[in-house]
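Colleague: Residue numbers (our numbering), protein chains in the order written: chain C, 927 to 1131; chain H, 370 to 905; chain X, 635 to 728.
A few of these clues could be false.
[Said to hold, decoys possible] The list that follows gives simulated cross-link-like pairs (lysine to aspartate or glutamate, DMTMM-like), each with its CA atoms no further than 25 Å apart: (1) Lys-1055/C - Asp-645/X; (2) Lys-697/X - Asp-1101/C; (3) Lys-480/H - Glu-1038/C; (4) Lys-1042/C - Asp-645/X; (5) Lys-971/C - Glu-681/H; (6) Lys-971/C - Asp-645/X; (7) Lys-1013/C - Asp-645/X; (8) Lys-1055/C - Glu-520/H; (9) Lys-1055/C - Glu-888/H; (10) Lys-667/X - Glu-982/C; (11) Lys-697/X - Asp-975/C; (12) Lys-667/X - Asp-975/C.
These are calculated hints, taken from the structure and not from any lab test.
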Amino acid sequence: MSTNPHAHENLIDSDTGKMGMWLFLFTELFLFGGLFLVYAVMRTKYAADFHHAALELNAFVGATNTVALLFSSMTVAMSLTAIQQQKSGKAIGLIFITLLLAGVFMVNKYFEWGHKFSLHLYPGSDVMKTLPHGEIVFFGLYFMMTGLHAVHVLIGGILLTLVMFKIGSGKIRHDHFLMHENSALYWHLVDLIWIFIFPLLYLIT
Amino acid sequence: MTYTSSEPLNYLNHKTGLWSWLTSSDHKRIGLLYLYAITIFFCAAAILGLLMRIEKMAPGQTIMTAQTYNGMFTIHGIIMIFIVVIPGLAAVFGNIFLPIMIGARDVAFPKLNLFSWYIYIFGAILGLYSQFANGHSPDTGWTFYVPYSAEASSNVVIALTAAFVLGFSSILTGLNFIVTIHRMRAPGMTWFRMPLFPWSLYATAWIQILATPIIGITLLMVMAERLFHIGFFDPALGGDPVLYQHLFWIYSHPAVYVMILPAMGVVTEIFPTFSQKPVFGYVPIVFSSLAIALVGYFVWGHHMFTSGMSYESRWFFSLLTFIVAIPSAIKVFNWLSTMYGGSVDLKPPLLYAISFIFLFTIGGFTGLALGSLATNIQLHNTDFVVAHFHYIIFGGMGFGFFAGIHYWFPKIYGRMYNFKWAYISWGFLFTGFNLLYFPLFVIGIQGMPRRYFDYDPKFQTGEFLSTIGAFILIAGLAGMISNLVYHARKGPKAEANPWHGVTLEWQVPSPPPHENFDEIPVITHEPYLFDKPATK
Amino acid sequence: MKNHTHAVSTDRANWTVLLILLLLTTLSVLAIKLQVGAFTVALALLLASVKVTIVLTYFMHLKFEQTILRVMVGGVFLLFAIVIGITFIDYLFR
């Protein structure tokens, strides 16, 4: 350790930093958990309406986004392996692919939301008010869940971009990569939540 | 603040100037920043409380309109709950003493700690702003119940944002404490050698982390409801207002334990010290803290007995409410047994701690009356509830806080307050408190609803007595605060260990040095052994 | 210091994990399309839970982490399940 010129006394060690990140992820899980709770209650109440409204969603788009996120989860995990093996270039490349996949996800999302808006299927619209109660709630949940999730994709993307630059400038290295690890954990969380959102919103038809 | 150069360097004087405070990541300084902010907000909200009491001194309009009254009880609640009591003990004494008591130089993430103070201040300012912006202070009550909160024309969105932001600060503090306790304990300080205040903070921090996000998302949903008519809680769009109540209380009931658990931890430190006797039943106290945190998470429904929940779930929540009383009672027995046979020394901290037991017990028993299904129907939404939670929150957390500040004051400032002054203030506080809140039990049983601006003249005796109590209480507060503020700078120098405590914070100089310890101590035995100091 | 035994998962292992995840995704899409009766939702959630467990274990390295983290993660999911269960004591019996 003493050979490392950057080993300050006040540097946060890896296990401490990671535990902090995990605790933060728990709060994120419960943030979405509140929405899942609403979903569970409402779905029980309006099972038929939920089935019908879910047909409106394009399962293919949802599946594409699932694949994109799963893939990006792998590339970010691989980049973490690469940085530990001192392959900075490979790590940067893999994070770049991750960001591209995040871009695919967001573009898909953009068109999906845009399509809903063109059909006037958004909260508070005139079309929406004519729908059965269960469908109104379903679309409310759809926008709230995917919207909040998209915000998390954005934050994760920003974090990973920072990580990429820090690897480039040598601030994240094989012996000092806590931020890389924690950003990767955050990215996996984004994936985790999507893994639940996908079947609940797109597949219940 | 000026200090003579003859004083040894400590955390208060090793750097000076406002800037050095606003940028300090020293846990003790951050604790003090919280203390000052909380004191200011507490005084403001206490004055709002006094104004409301004056309004209710006589039936009909006395000094304010009904709308002003509605805004006042809302903002009194928001400030007291979200800005004063929830951060309260954990952010002040937790920050100052947790690292010292477990033998660490600081918390695990010092910069994050400072950051959460800034978030807290930002949230607090937003909260204040919601009171004054456009002259429409929110009038929903601090519970933000839908459908009213989704429709009211007042500054509800600003107030919701404030609560959301404050919740984020609370989460970060809890996160910091959990990691600190897991990773930063001194060598030899095993889990069961840890003093009990850190244990209570540990249980509290878990609730902060796991319950606060639920209120976060709930507040976001109410905002979406207001801004986009998203329909989760609006029956006209298929929503369910009772679902809001579930979500709200899934957080807000555990939040009560965020308030009270650290206060229990503080008095658990005080009883052994002023009895010079090991704490009675260390392990049961630890597990009762954890049990309160865990079971306390599952009793939220007892706020909703009259909201149309299913009979089965009312039964379930009532049962769990009775169960959660058990660990609290265990603690009370342990505190009393700690004093039994000890050389009890009735210094101000112990006096406040004993008052804590007295008031908390009244609050606890009346809580059982509210937790039982039949009596709840009569008592729900009456002044009985108001009296009950003030006995718990003010009598419990408030007096726990007062006990803590009188206990640790000489450690924090290196100076001692005036005892006589402290005793007299206590007399006013204790008398005023009981005169203020006890009549509310009585008129509550008789049917006086809470949050009402006006009342039937038959309640006037109770309301009048209560207002007299409020004046006495405020006088006591003024006495106590001025005693502390004055002696923080002008008091006589205190010894490093004036109460002969044995936990680690009493083994360092007063005030503690910048990084607490010259050398990290090695712990060789459990705490509270009064024939052995904590180290060596 | 056991915290510097960072187990490095190989690219090959990561690819394997991804393939399994994609397989499970396909499976859940198929299961829904085929409408396997009343248990469709349960099946979808079960498959999602398996996927989440895999991501937690391998991509998020829980397999190689301190035991306490695994305990915490398990506890958090359990707590959430209990909260949902308790809420449903109300909604199922109304």
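Colleague: Indicate, hint by hint, whether the structure satisfies it.
Modeller: Checked hints:
| no. | hint | in the structure |
| --- | --- | --- |
| 1 | Lys-1055/C - Asp-645/X | 51 Å, violated |
| 2 | Lys-697/X - Asp-1101/C | 21 Å, holds |
| 3 | Lys-480/H - Glu-1038/C | 40 Å, violated |
| 4 | Lys-1042/C - Asp-645/X | 39 Å, violated |
| 5 | Lys-971/C - Glu-681/H | 18 Å, holds |
| 6 | Lys-971/C - Asp-645/X | 45 Å, violated |
| 7 | Lys-1013/C - Asp-645/X | 13 Å, holds |
| 8 | Lys-1055/C - Glu-520/H | 18 Å, holds |
| 9 | Lys-1055/C - Glu-888/H | 68 Å, violated |
| 10 | Lys-667/X - Glu-982/C | 15 Å, holds |
| 11 | Lys-697/X - Asp-975/C | 41 Å, violated |
| 12 | Lys-667/X - Asp-975/C | 18 Å, holds |
Checked against the numbered hints above, the structure breaks hints 1, 3, 4, 6, 9, 11 and satisfies the rest.
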